Amino acid sequence: MKPHVPIAIYLSLVALSLAKPELSQTVATVAFYMALGQAVNIFVGLTGYVNFGYAAFIAMGAYGLGVVIAYFPQLGTWTLPVGLLLGVALAGGLALAVGAVALRLRSAYFAIATIGINEALKDLIVGAGIWGGSSGLVLGYNMFQEYGRDFALFLSTTGSTVLILATGLMAVAATYLLQSREIGYALAAIRQDEDAAKVMGINPAKYKLIAFVLSSAFSALLGSAAFPLAATQVFPDTVFKVDYILDGLAVMFLGGAGTVTGAVIGGLLYVPIRLLLGQFLPAYQALVTPLLVLAVVLAAPRGIIGELRARVSPKIREWIP
Amino acid sequence: MIDLIPYFLNGLIVGSIYGLITIGLSFIFGILKVINVAHGSFVMLGAYIAYFFFVLWAYPPLVSIFAGLAIGALAGFALYHAVIRPLRKAGEMHILVALFALGSLMAELARIAWGPNVVGFTWNIGSISVSGYVVQLSQLLGAIAALIIALALQLILYRTSFGRAVRAVVQDPVGAQIVGINVERVFAISTAMGIALTTAGGVLLTLFIPVGINPYMGDPYTLMAFVIAVMGGLESTMGAYVAGLIFGEILSLGYPLFRALGFAAPYQMSLFVGFVILVLFLLFRPSGLFRI
Amino acid sequence: MALSVKDLEAGYGKVQVLFKVSLEVQKGTITALIGPNGAGKTTTLLSVMGVVKPWGGSVLLNGADIIEVPPHKKVELGVVLVPEGRRLFPNMTVEENLLMGAYVKRARRYVHDSLDYVYSLFPRLKERRKQKAGTLSGGEQQMLAIGRALMARPEVLLIDEPSAGLAPKVVAEVFEAFKRIKETSTILLVEQNVSAALAVADYGYVLENGRAVLSGPSEDLLENPHVKRAYLGV
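Chains as they are written, first to last, in the numbering used here: chain H, 8 to 328; chain P, 3 to 294; chain F, 1273 to 1506.
Read the hints as simulated data drawn from the structure, not as lab findings. Do not take every clue at face value.
[To be verified] Below, computed lysine to any residue pairings styled on SDA-like, alpha-carbon distance capped at 20 Å:
#1 F:Lys1404 / P:Phe292
#2 F:Lys1377 / P:Glu186
#3 P:Lys91 / H:Ala195
#4 F:Lys1377 / P:Arg187
#5 F:Lys1292 / F:Ala1336
#6 H:Lys205 / P:Gly93
#7 F:Lys1345 / P:Glu186
#8 H:Lys248 / P:Tyr218
#9 F:Lys1345 / P:Pro175
#10 H:Lys213 / P:Leu285
#11 P:Lys91 / P:Tyr218
#12 H:Lys248 / P:Pro118
#13 P:Lys35 / H:Arg111
#14 F:Lys1325 / P:Lys35
#15 H:Lys213 / H:Leu284
#16 F:Lys1404 / P:Val172
[To be verified] Ranges of calculated distance between the beta carbons of each label pair, as one might list FRET restraints:
#17 P:Trp116 / H:Ile280: 23 to 31 Å
#18 F:Gly1300 / H:Lys213: 56 to 64 Å
#19 H:Lys9 / P:Ile211: 49 to 57 Å
#20 P:Leu285 / F:Arg1381: 48 to 56 Å
#21 F:Gly1406 / P:Leu259: 38 to 46 Å
#22 P:Val57 / H:Ser141: 31 to 39 Å
#23 F:Lys1402 / P:Ile146: 29 to 37 Å
#24 P:Leu285 / F:Thr1301: 54 to 62 Å
#25 P:Ile7 / H:Leu160: 35 to 43 Å
#26 F:Asp1279 / H:Arg318: 32 to 40 Å
#27 H:Ile323 / P:Gly117: 34 to 42 Å
#28 H:Asp200 / F:Pro1308: 46 to 54 Å
#29 F:Lys1402 / P:Leu259: 43 to 51 Å
#30 F:Asn1363 / P:Ile7: 36 to 44 Å
Just so you know, these numbers come straight off a predicted model, no measurement behind them. We put the beta carbon where it would ideally sit given N, CA and C, even for glycine.
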């Protein structure tokens, strides 16, 4: 069964953000967490490895576009595609370099390596003062120059929202393809017993690497959309924040790790939960994410979709891949 | 020319604390093969224990270290039974994610309970002079206390029946079970001991951060402990201690060197070097500096 | 009856391996459990020990059901396993491994006697007592695994595939020791090497597809046409 439900949800959000630009901000927030969960799911959910340094890949996307806007104003409107590509290339290249060696390690070592890489990159940018160092990149003026006032404003509102939604859609498609093809069975085998998978002739490193690079590339697009485009600035302290991986894990686990639909449902629920708590118990809002992750992992590690799939008839199960 | 000797002395003293902070991480990993990604939050807990014992009852860290050990042991038991044991079957990913969330949860709870502000205290008992170089006596005593705790752990591991059981579990868990060792119990006690060492490290750390105690202080220590643990071989407790001394030197000597080289933020550059070392070790020498 | 197993059922995940297996092991004897690869011999031993959790049935030690007792407490009761793959502590010396064998309370008092006994049984272990277990030859490792189990002063000794990967001469040496061990402990022996096993055993069971299909005194089994054809290659 093709992922009709998640695609339909994404498409209706696209329609909503185009039809009602005043809702663009809300849609963007929901979509950001949905897509974040999906991107995290592609790697963590499908391989069982954890990338705690996830923020580094968001940061690569943010800096990729940010640096092009800040330092190559002569490119004009072309800064947008060039910057997006640069972000994806930086994140993908980093994932390729790190993954090629570190994904051979057992998952505990890999987790440590990723945390280290995130910190090392941040410390390098701040410590050596590159790409604006600790004071970051402020892009508003350049964006007006390069895109013109109206297009710049459009880009930072509807434009960034659509980019986030498009990233989410691509991530859904990627999850579906990764899961339903031969590679999906390979990944499932790796997740259950890596040594047995090797004996069966599966090359775990290769499949893990594909998932890792894809997940990182989507993260980069989210970084480009959320920071240089929407916020028109890139600060090392905000883009390298460890929180993103926790948010992504919360969305993924709430919806159901390793499923196609999970992150979409997780994102739709996660944002309102946070908003409601922020409204009524603002002091405790920060507790939500870690509590949610802990509770789901301990009590229902399969998440909403996983539990549903285990309970419903095969006919309905087809609809929620 | 910069006189590096005071930096070297400082690196050695603070390195002893880093070593102690890391031992708990290596100890737990060596036995349970679980990386405690919530590690730093237990360092934070230890720092607050030291703070409240000093501010409320005027007990210096050398006394409150016993409270740190006791509270840490209780927290470790709770951690094992509430999180690690239920998730052992679910797999490594679930344990890592749950611990990560727990670390964040502890920091947020600390913020709610003790406020978001940075607090601190100074326990001043004078200083001594080693051939013209001044060393704070409180810090020197803290470093010695950390060394004593590290050595005590070695005694437990190599001279007691529990220590033999621990080593047996590390070398072959099934073998340990069939000679009559209660492996579950070894896991629980080891987690308690590992966390106790970590909170004790947090207590002693307060001697070096007169204004640095806050709910989020743990994260950098999680990372530092990773770097040090990997350098030390990840499973070796004494390796962790020695690597702690080396890491203390990297941070301490790196600061004047990077400043002299004209870097914008020399401390961050030293940390960067630390993380580069971490990644290099993980990739090319996962067994650490000392093969055991 | 030192050990009696009744209607034991066990498996891994959803796959059932043992179907109502029953065995009787007489005190002071060696009972051999033979059968083809994958018949469930090792699973039987692991289920008796509790390393694999049985699905049903009972395991009686001197008449008391111990099926629910966790493995480490079974050792305390006197049921000790010499597992497949030996499961030694590779970074400990030979003597440290033996001392670990006497970890349980029932054995601690007799550590010195037990050590002398094991060294008299396997003099080679005494020669290598300061050597790391990981550096021993296969035969020496097997002797060490048996010696470590004996240190717990077992009432019932469960031995899994002791001949695996060993040269015939070494197998003979190890099996010779079983005759002496029998004087103090009851033995349940799982073996692929059927002729060697039945030569030393008093009684035997044949396990096929998770079911005990045949049993009898060793001499009878050696004459049994099915056993001859399937296991002795005659």
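Status of each hint after checking the structure:
1. F:Lys1404 / P:Phe292: 19 Å, holds
2. F:Lys1377 / P:Glu186: Holds, at roughly 18 Å.
3. P:Lys91 / H:Ala195: With Cα atoms ~17 Å apart, Lys91 (chain P) and Ala195 (chain H) stay inside 20 Å; holds.
4. F:Lys1377 / P:Arg187: 16 Å, holds
5. F:Lys1292 / F:Ala1336: 19 Å, holds
6. H:Lys205 / P:Gly93: 19 Å, holds
7. F:Lys1345 / P:Glu186: 12 Å, holds
8. H:Lys248 / P:Tyr218: Holds. Lys248 (chain H) to Tyr218 (chain P) sits at ~13 Å (cutoff 20 Å).
9. F:Lys1345 / P:Pro175: 15 Å, holds
10. H:Lys213 / P:Leu285: Given pair Lys213 (chain H), Leu285 (chain P) holds - Cα atoms ~17 Å apart, limit 20 Å.
11. P:Lys91 / P:Tyr218: 31 Å, violated
12. H:Lys248 / P:Pro118: 18 Å, holds
13. P:Lys35 / H:Arg111: 17 Å, holds
14. F:Lys1325 / P:Lys35: Answer violated: Lys1325 (chain F) to Lys35 (chain P) is near 23 Å, above 20 Å.
15. H:Lys213 / H:Leu284: 42 Å, violated
16. F:Lys1404 / P:Val172: It holds: about 15 Å lies between the C-alpha atoms, which stays within 20 Å.
17. P:Trp116 / H:Ile280: 23 to 31 Å: 26 Å, holds
18. F:Gly1300 / H:Lys213: 56 to 64 Å: Once the Cβ atoms are compared, 58 Å apart, the range 56 to 64 Å for Lys213 (chain H) and Gly1300 (chain F) holds.
19. H:Lys9 / P:Ile211: 49 to 57 Å: This hint holds: roughly 56 Å between Cβ atoms.
20. P:Leu285 / F:Arg1381: 48 to 56 Å: 51 Å, holds
21. F:Gly1406 / P:Leu259: 38 to 46 Å: 43 Å, holds
22. P:Val57 / H:Ser141: 31 to 39 Å: 33 Å, holds
23. F:Lys1402 / P:Ile146: 29 to 37 Å: 35 Å, holds
24. P:Leu285 / F:Thr1301: 54 to 62 Å: The hinted range 54 to 62 Å holds for Leu285 (chain P) and Thr1301 (chain F), with Cβ atoms some 57 Å apart.
25. P:Ile7 / H:Leu160: 35 to 43 Å: Since the Cβ atoms of Ile7 (chain P) and Leu160 (chain H) sit about 59 Å apart, the hinted range of 35 to 43 Å is violated.
26. F:Asp1279 / H:Arg318: 32 to 40 Å: Given a distance of about 34 Å, which is inside 32 to 40 Å, the answer is holds.
27. H:Ile323 / P:Gly117: 34 to 42 Å: 50 Å, violated
28. H:Asp200 / F:Pro1308: 46 to 54 Å: With Cβ atoms ~25 Å apart, the hint is violated.
29. F:Lys1402 / P:Leu259: 43 to 51 Å: The hinted range 43 to 51 Å holds for Lys1402 (chain F) and Leu259 (chain P), with Cβ atoms some 47 Å apart.
30. F:Asn1363 / P:Ile7: 36 to 44 Å: Since Asn1363 (chain F) and Ile7 (chain P) have Cβ atoms about 40 Å apart, the given range 36 to 44 Å holds.
In this structure, the earlier hints numbered 11, 14, 15, 25, 27 and 28 are contradicted, and the remaining ones agree with it.
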